[in-house]
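Trainee: Below, each chain spelled out in residue letters.
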Amino acid sequence: MDLNEKLGILADAAKYDVSCSSSGGTRKNKNGVGDSHACGICHTWADDGRCVSLLKILLSNECIYDCVYCINRSSNDVPRASFTAEEVIELTMNFYRRNYIEGLFLSSAVLKNPSHTMELMLEIVKKLRTQHKFFGYIHIKAIPGADERLINEAGMYVDRMSVNIELPSDKGLEVLAPQKPKKALLKPMHQISNKIIESKENKRLFKKSESFVPAGQSTQLIVGATPDKDLSILKLSEALYSNFNLKRVYYSAFVPTVTDPRLPALIKPPLLREHRLYQADWLLRFYGFEADELLSKTNPNFNPELDPKADWALRNLHLFPIEVNSAEYEMLLRVPGIGVKSAQRIIAARRVGRLTFDNLKRIGVVLKRAGHFVTCQGKTYESYSSNEAIVKDSLISAKLQPKSKKSVAGQMSLFSFVNDSEADESLSEFLLTESPSNSRQWLSYFNQPQDGRLLLSDIHL
Amino acid sequence: MIYIYDGTWDCFLTAIHHYYYDKQDVSNIESSLCYKPNLIDEYRTITTDIIKAKAVEEAILHKISAESLENIQRCFFSEIEGREIWILKYIRMGFKIGSRIDSMLGDKTVLDVLIPARKVGLECHRMLGLIRFELLEGGIYYSKIQPDHNIISFISPHFKNRFSDQNWIIHDTKRKIASLYNTKKMLLSYMDLSNIPELHSDELKFQALWKNYYKHIAIKNRINPKLQKNFMPKRYWKNLTEKKPD
Ligand code: SF4
Numbered sequence: 001m002d003l004n005e006k007l008g009i010l011a012d013a014a015k016y017d018v019s020c021s022s023s024g025g026t027r028k029n030k031n032g033v034g035d036s037h038a039c040g041i042c043h044t045w046a047d048d049g050r051c052v053s054l055l056k057i058l059l060s061n062e063c064i065y066d067c068v069y070c071i072n073r074s075s076n077d078v079p080r081a082s083f084t085a086e087e088v089i090e091l092t093m094n095f096y097r098r099n100y101i102e103g104l105f106l107s108s109a110v111l112k113n114p115s116h117t118m119e120l121m122l123e124i125v126k127k128l129r130t131q132h133k134f135f136g137y138i139h140i141k142a143i144p145g146a147d148e149r150l151i152n153e154a155g156m157y158v159d160r161m162s163v164n165i166e167l168p169s170d171k172g173l174e175v176l177a178p179q180k181p182k183k184a185l186l187k188p189m190h191q192i193s194n195k196i197i198e199s200k201e202n203k204r205l206f207k208k209s210e211s212f213v214p215a216g217q218s219t220q221l222i223v224g225a226t227p228d229k230d231l232s233i234l235k236l237s238e239a240l241y242s243n244f245n246l247k248r249v250y251y252s253a254f255v256p257t258v259t260d261p262r263l264p265a266l267i268k269p270p271l272l273r274e275h276r277l278y279q280a281d282w283l284l285r286f287y288g289f290e291a292d293e294l295l296s297k298t299n300p301n302f303n304p305e306l307d308p309k310a311d312w313a314l315r316n317l318h319l320f321p322i323e324v325n326s327a328e329y330e331m332l333l334r335v336p337g338i339g340v341k342s343a344q345r346i347i348a349a350r351r352v353g354r355l356t357f358d359n360l361k362r363i364g365v366v367l368k369r370a371g372h373f374v375t376c377q378g379k380t381y382e383s384y385s386s387n388e389a390i391v392k393d394s395l396i397s398a399k400l401q402p403k404s405k406k407s408v409a410g411q412m413s414l415f416s417f418v419n420d421s422e423a424d425e426s427l428s429e430f431l432l433t434e435s436p437s438n439s440r441q442w443l444s445y446f447n448q449p450q451d452g453r454l455l456l457s458d459i460h461l
Numbered sequence: 001m002i003y004i005y006d007g008t009w010d011c012f013l014t015a016i017h018h019y020y021y022d023k024q025d026v027s028n029i030e031s032s033l034c035y036k037p038n039l040i041d042e043y044r045t046i047t048t049d050i051i052k053a054k055a056v057e058e059a060i061l062h063k064i065s066a067e068s069l070e071n072i073q074r075c076f077f078s079e080i081e082g083r084e085i086w087i088l089k090y091i092r093m094g095f096k097i098g099s100r101i102d103s104m105l106g107d108k109t110v111l112d113v114l115i116p117a118r119k120v121g122l123e124c125h126r127m128l129g130l131i132r133f134e135l136l137e138g139g140i141y142y143s144k145i146q147p148d149h150n151i152i153s154f155i156s157p158h159f160k161n162r163f164s165d166q167n168w169i170i171h172d173t174k175r176k177i178a179s180l181y182n183t184k185k186m187l188l189s190y191m192d193l194s195n196i197p198e199l200h201s202d203e204l205k206f207q208a209l210w211k212n213y214y215k216h217i218a219i220k221n222r223i224n225p226k227l228q229k230n231f232m233p234k235r236y237w238k239n240l241t242e243k244k245p246d
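In the order they appear, the protein sequences are chains R and S.
The first sequence begins at 1 in my numbering and counts up one residue at a time.
The second sequence begins at 1 in my numbering and counts up one residue at a time.
Keep in mind the hints are simulated off the structure, nothing from the lab.
Keep in mind that a hint or two might mislead.
[Claimed, not checked] Label pairs and their computed distance ranges (CB to CB):
#1 R:E305 <-> S:K244: 36 to 44 Å
#2 R:L319 <-> S:K244: 32 to 40 Å
#3 S:R175 <-> R:K361: 33 to 41 Å
#4 S:I50 <-> R:T84: 55 to 63 Å
#5 R:S296 <-> S:N161: 30 to 38 Å
#6 S:K119 <-> R:S74: 31 to 39 Å
#7 S:K89 <-> R:A239: 34 to 42 Å
#8 S:E137 <-> R:N31: 21 to 29 Å
#9 S:D165 <-> R:Y241: 35 to 43 Å
#10 R:K127 <-> S:N195: 35 to 43 Å
#11 R:K268 <-> S:K244: 57 to 65 Å
#12 S:D25 <-> R:N31: 36 to 44 Å
[As the list claims (entries may be wrong)] To give a feel for the contact side, a few chain S residues facing chain R, derived at Cβ under 7 Å:
#13 D22
#14 R92
#15 M93
#16 G106
#17 L209
#18 Y213
#19 I217
#20 L227
#21 Q228
#22 K238
These numbers were taken from a predicted model, which means no experiment stands behind them.
Every residue gets a Cβ at the ideal spot worked out from N, C-alpha and C, and that includes glycine.
With the sequences and hints as input, model every part of the structure.
Mentor: See below:
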C-alpha cells in the first residue's frame, strides 16, 4: 500500500478526535527545527470549519477491541493500515518544514496489545526529538493498559498526553466499550497527573531536569452516544479539572459512523449541544462559574435558545443591573455581552476616567445584550428593561445579528483568539534602511561560506 | 503645510521630528507614493534622517511606552489610508499624558491607531499559520505572500526561530519585499526576486500528500464553508498548497 493511501485511511480514522490544540507548549528550538508557542497556531481550516494545527493521524487502525461507537472496532468492515515509524517521521518532518503544521498528534488503535502499540509510539517520539532534533509540538495518546514504564518514558518527549474517556458515565462504558472499564481509563490519567506534579517538583529542585508532558493532559467526551444529561457531563469535566489537573476537556458531538442497536438513532450530530458544552466549559475555566450554577437536577440540559451565560443571567435578574464604574471584575465577567477581553479593558480604562455607554461600545461591549445588566454612572441604557420576557427576547435577537461572527455554531468559534504580542522582536534589528536596486544576485546569499560572519555588504544586492 | 515623505518608517519618523522642531502648521503628512501635488497646497519634501528618526522612536518609548511604540508601528505598517495623521495626533496626545494613553481604550484618537494596529496583529497571527513553503532546487524553502498589510517585518522573526536550520525566503510579491534567511543571518529588504529556481524533485510528492490529508481530515456530516471562510478568508487561498487545484 502506498503512503498516500495509508495517510488517507489513518487520517480518516483519526479525525473524530476533536482536540487539535497546539497550545500550552513553550518548547524552544535548540539547534534543530521547530518550537512551540503557548498560544498555539492554526495552519488551515478544513471544509468542516475546524482548525488544523497538528498532523492528526493514527499509527494504526487495526484494532483488537470492539468498542461499539468506534469506526475502527474490530467487527467493522473498513480498510486497515499501519504506518511504520519512519513513515510517520517523514510525514511530520516534511509537513513541518513547509509550515503546514505545528506538530504531530499521534493516536492509535490497539495493535496486537496495548504495550506493543505504546512501544511503537515511544519509538517515534523518541526518534523525532533525539535523531531529528524536532522541537515542534507533540501530543500523543496514552494507550490504557500499556506498561507504566512506556507511558512514563514517552511522557518525557511529548508536550501533551491524553487518555480519552469518551463516554461520560460508567453505564455508557459498560454497554458501549465493554473492554475498557472506567477504572482502566482513570489509571493512566492518574499516573500522568502524578508524574506531572512530580516533574514540576523536580524542576523546582533541579533546574535542569526534563519536563514531563509540559503542556498538560487532556481528554475527550462524546456527546449524544449515551443518554447522559448535560449536567452530568459538565460535572464530570469539573471533577476532571480539579482532580486530575486536566488542561482541557474536549467534547465531540457523536457522529454515527457505524449503526448498532445499542447506539441512538441520530440523524445529525448534536452540534448545538456540543457548542453549548464548550461555552459552559469556557465559563468554568475562565469566568469563575460552577457547574451547579449553570444547570440543576430540575434543569439538567442547556437551553438551546440561549447561551449558558445569558441563561444564567436571565435566571438571576435580581442581581442586576450593576454599575460598570465600580463593579468587581468577577461580576463584570458575568454580564452577557462582556467577555474576558472587554472586562479587562473596562478595568484598565476605569483607572483613567469614568466610563459612558459610548466608551463601552468602543471597548467592544455588546450593548444590545449588556444594556439590560449594567448602568453607567447610574444611568441605564436606552433599551434597558427589567422585564424578564423583554430581556429574553432581546438576548435571543441580539444574537441573530448577521454581523456577529460568533453566532456560527462550531467549537472553534470559541477558541479563536489573537495573541497581540506575537512577533515581538524589535524591527530595527534587521530592517534595512536602504533599498537595493539590483536583485540579480540574491541567490548568492544562500551560497556564501556559512561561517556566521556573513555581512550584508557581501551580498551584492 | 503638507509634509511629503518617501513611504518608509524612518522617513515618517523624520517628518514627526520636523513637525516638533520646525514649528510649522502641518495639516497632513503624506507618502510621496500617493500624494499628487496641486497648486493650492503648500508642501515640503522630507528626506530620511536616521538620527532624527531614532530620536523620535526613543521619545515615544520613554515619554509614552513600549506598548504605544508597538501600536504605532503596527498602525503605520497597516498601510491604511490616513494613518499618518492619526499617528501624529496620537503622538501629540501621548507626549502630553504619557503611558496613561494605553488605558484610554474608549477614546477616538487612541482607537484610530489601535484599530489598524489590531488588524495588523490579526493578520500577523493568521499568516504565521497560513504561510506555505515550497522546497526549491538547492535546498531553499520559498514562500510567496500577498498580505493586506505590510507585515513581513513582523512575522519573519518567528520563522527565523522556528526554521533556524533551513534556508528560506518569504517573498511579498505585492510590495516587492522579501526576507531571506541562510541559517545564520536574516535579511529583509525591498527586492523583486527573479530567476527563482525550480521545485525540488520531492516537492510535488509532499504537496500531494498534504492535499490528500487535508481532503480526508474534514468530517463530511459537518461541512461548514461559512465557518471555514470566517477563519480563513478566501483572499488567502491562492497561496495555500491545500487549496490549489490538482
Ligand atoms: S480501542 Fe480505541 S480504536 Fe479500538 S475500538 Fe475501542 S475506541 Fe476504537
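Trainee: To test your reading of the hints: which numbers does this structure violate?
Mentor: Hint check: 2, 5, 6, 7, 11, 12, 13, 14, 15 and 22 fail, others pass.
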